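Heads up: the sequence lines are chains A and B, in that order. All residue numbers for the first sequence refer to the numbering used here, where the first residue is 1 and numbers rise by one. All residue numbers for the second sequence refer to the numbering used here, where the first residue is 294 and numbers rise by one.
Hints were generated in silico from the structure; no laboratory data involved. Because the structure is a prediction, the values reported are computed rather than measured. Be aware that a few hints might be false.
[To be verified] Cut-off 27 Å, straight-line C-alpha distance, at most; resulting in silico cross-link-like pairs (DSS-like, lysine-lysine):
#1 A:K5 <-> A:K43
#2 B:K298 <-> B:K336
#3 A:K115 <-> A:K43
#4 A:K5 <-> A:K113
#5 A:K159 <-> A:K216
#6 A:K248 <-> A:K151
#7 A:K115 <-> A:K138
#8 A:K138 <-> B:K541
#9 B:K336 <-> B:K408
#10 B:K431 <-> A:K5
#11 B:K298 <-> B:K406
#12 B:K413 <-> B:K444
#13 B:K406 <-> A:K43
#14 A:K43 <-> B:K452
#15 B:K541 <-> B:K408
#16 B:K406 <-> B:K452
#17 B:K452 <-> A:K5
#18 A:K113 <-> A:K138
#19 A:K120 <-> A:K151
#20 A:K138 <-> B:K298
#21 A:K5 <-> B:K336
Protein chains: 2
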Amino acid sequence: MDWLKLPPLNSLRAFSAVAETGNYTLAARQLSVTHAAVSQQVKILEAHLQVSLVVRSGRSIQLTDEGASLAGDLEIGFAALGRGVERLNQLQAERPVQITMSPAFAAEWLMPKVKDFQQKHPGITLMLSPTADVVELKQGGVDIAVRYRDKRRPDSSIKPLLVSDMIVIGHPSLIGDQDLSNPAALVDLPWLQELGTNEAAEWLTLHGVVPDRPLKVHQMPGNLIMDAVRRGDGITFTARAFFRNDLKSGRVIELFSEQEFGLYYIETLSGPLRPAVRSCLHWLYSNAERVSI
Amino acid sequence: MDWLKLPPLNSLRAFSAVAETGNYTLAARQLSVTHAAVSQQVKILEAHLQVSLVVRSGRSIQLTDEGASLAGDLEIGFAALGRGVERLNQLQAERPVQITMSPAFAAEWLMPKVKDFQQKHPGITLMLSPTADVVELKQGGVDIAVRYRDKRRPDSSIKPLLVSDMIVIGHPSLIGDQDLSNPAALVDLPWLQELGTNEAAEWLTLHGVVPDRPLKVHQMPGNLIMDAVRRGDGITFTARAFFRNDLKSGRVIELFSEQEFGLYYIETLSGPLRPAVRSCLHWLYSNAERVSI
DNA sequence: TCGAAACGTTAGAAATGCTATCAAATGGAT
DNA sequence: ATCCATTTGATAGCATTTCTAACGTTTCGA
């Protein structure tokens, strides 16, 4: 277009700084370089334009007419560039912090705490996306992911957010007075599990049970499972941390438990994080806990 | 100031070109680089801003909202920069071609020819500065200098503009029927010479004459000497080329001559010259000549 | 006459940018 | 369906640009 033959942009910026400060040394400081660098850039610009832009006058400098003319437009131009970038930073700062996690974790652990966060950080809005899918972190997308892994895949480099016993629980009415001392006995109870997962079969396998008849498994969205369990629709495998109150009040009964088997931890993009995201992380870790027995 | 933390300018330009063309390949062509270069610059910008600006959609691309927002300001900004540079180029193109030379050369050789130049290049205005001083060429100042040197300091690398016999001339009335076959006889005639020069003494020295009495020398501005000689106010040392017509008509008389002793040549700044200056140089050399006997 | 404060200049090192090349994805065309 | 052309993505190594450090020069005031 018309700016095909623009001089080197850095030389324009250097000259613009010189024009603004009227002083190579200050301009250099503003650009975080040495005065020599500025001097060279201005020379490069003058060579390109075939025009003197700056003349020494004693111990200081002075712009030529041409220099002053150019400086005016440069100031406008760079201001526009800065405005554009600034606007983006603004949008960036105001964008909600997006967190992905499992529905159970969201409903039972995070949601109850969110109010506290919002009191402490009224300027930051959180956006939770509870889903069983593993949502990839993305620049401009999800900022924080709460992941689950169990004891069988240890990773000492992980900083835990929530370590919890994992338990199988059910409503008292569903259990009655059956003898459930043996894992195999759970084969006949109705399991509730997240759509697309296979927790029931995995738990049984983990305990050496090979079902000889089909399991009674009800798949449902994660957000419904917790309430369904409380209503007595079935049993499920979950973290003790999510049912502390229900267990204490006897609303649900613990059938089996694996000590500190589950680990929820945080993943973020590598690289610098937005301030809002850092605040959120800090708050999350300050709520870290270990729930056992 | 506020643009202390502007991202790398080249990456901004690259992205701006991408936004404008909607196409890496075209943007690359516009910037005279490869598509890979553009791709890298856009990545650098995205990394700096921590924002996705461009998303691939099949075989083409699409700006994100943030990208579109930024692109708007960038277009404004770069347009302003371009405007500033363009204005300078404009001034540059319209600035007169400045030529410095001796008053004699100006009055007797160049001025009579200037009309021809202006007919051939109506868009270019010439500014002659006839002076005996050696004016330094300067960026944004004098574009062309016509210099004089004589046979005693040859330089084969010089492209001659005017080679001329150098002669001593005077008005017939001043000479009368004196015997002037000997250079020493000129000691008693009144010399006219440019302010600040010493042509009379130099000429006499060149011919082995050591004056035993003070010379009668009238210093005056160069532009007046020619006419003074024609009026018979004195003799002077000059180029035959400047007095061809006067000699032919007998209005002045040639007293002594050095064959092809004087050389007028052109100096310009090194480096690329403005188109107007190039035109002028071309025209000057097309008028080059050799004046002898 | 001295020293401080500017800018100027330069070589060489550091950073950045670019190209060449290959790969992958897409959407027509045969 | 397969091929081909088009476009973007990735990367190693080279080329260019930019910067710094060090020293020089000019000016000005004490």
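Worksheet item: Which earlier hints turn out false for this structure, listed by number in ascending order?
Response: 3, 4, 5, 8, 9, 11, 12, 13, 14, 17 and 19
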